[in-house]
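Chain by chain, the residues run as shown.
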Amino acid sequence: MRAPLVIFLVTLAVIAAGLATTFVIAGLHR
Amino acid sequence: MSGGASRALRESSLSLVFGVLFLASLVGQAFVGAAMHDEDLASAGLEPLGVGGYVTSSVFWVDVTENWQSEFLQFLLFITLTVWFVQRGSPESKKVGQRGRESDEEQLVGEHARPDSPSWARAGGWRLGVYSRSLSLVMGAIFVGSWLAQSAGGVVAYNEEQLRERHDPVTWTEYLGMPDFWDRTLQNWQSELLAVLAMVVLAIYLRERGSPESKPVGLPHGTTAVEG
Chain A
1 MRAPLVIFLV
11 TLAVIAAGLA
21 TTFVIAGLHR
Chain B
31 MSGGASRALR
41 ESSLSLVFGV
51 LFLASLVGQA
61 FVGAAMHDED
71 LASAGLEPLG
81 VGGYVTSSVF
91 WVDVTENWQS
101 EFLQFLLFIT
111 LTVWFVQRGS
121 PESKKVGQRG
131 RESDEEQLVG
141 EHARPDSPSW
151 ARAGGWRLGV
161 YSRSLSLVMG
171 AIFVGSWLAQ
181 SAGGVVAYNE
191 EQLRERHDPV
201 TWTEYLGMPD
211 FWDRTLQNWQ
221 SELLAVLAMV
231 VLAIYLRERG
241 SPESKPVGLP
251 HGTTAVEG
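Protein chains in written order, with this note's numbering: chain A, 1 to 30; chain B, 31 to 258.
Honestly, the hints are just simulated from the structure, not real lab data. Possibly wrong hints are sitting among the right ones.
[Said to hold, decoys possible] Residues from chain A shown here face chain B by an in silico Cβ test under 8 angstroms; the list is partial:
id : residue
1  : P4
2  : L5
3  : I7
4  : A13
5  : G18
6  : L19
7  : T21
8  : T22
9  : F23
10 : I25
11 : A26
12 : H29
Glycine included, each C-beta is placed from N, C-alpha and C at the ideal position.
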């Protein structure tokens, strides 16, 4: 059961990183 | 590679294939998007950004997040609407008589939980309530987060264009009422909703042998809620 859990957490991390990046960039360029 | 590791990879091949395709597409989008944006800049007599500059610009991220939000909205709606709405004959629908949240017995929760059930399925109370909606809660949170990110990136990208054309920039709240925001939003929503509609309806009559998204090839059109 470990592999799917790792993939799940990596997926959430990718999404969180993408959203955080967008907010940071948008904040910097205001 | 050890037998255990190769088995673990095989057992998660679906997730891994989609993960690789996702990353390859995102990298492809970065390169072709950068090329296109640099052409726009050149024709306006401005310096090119390059791939590095492009992927750290709001122009790139508004394009990424506008597509993300619509995908997660699509799955959020698919997951939640199929609790109460049904389509006879569709493998994406539950049986016509099963509409609603269903009984604790059917859902294996509370006193009907099995020894190997997730612990929050057995717990009852608020933990069962949260866990029973955890899929839509997470998909919904990603949808809202992506849509907000689209608006934040969108207003910056929009204002860059405004300034290039010597127009006044707009505020975030002004941007939320502007055609640019809603054009990006609705053009993605309409395609997602069409695709779900097509899947729900076409899967009544068409088959894909071996696919869990399809009914078995020989099953009649009227049979609902059976996947391959």
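Going down the list of hints, with the structure as the test:
no. : hint : verdict
1   : P4   : 6 angstroms, holds
2   : L5   : 10 angstroms, violated
3   : I7   : 5 angstroms, holds
4   : A13  : 12 angstroms, violated
5   : G18  : 7 angstroms, holds
6   : L19  : 5 angstroms, holds
7   : T21  : 7 angstroms, holds
8   : T22  : 4 angstroms, holds
9   : F23  : 6 angstroms, holds
10  : I25  : 5 angstroms, holds
11  : A26  : 4 angstroms, holds
12  : H29  : 5 angstroms, holds
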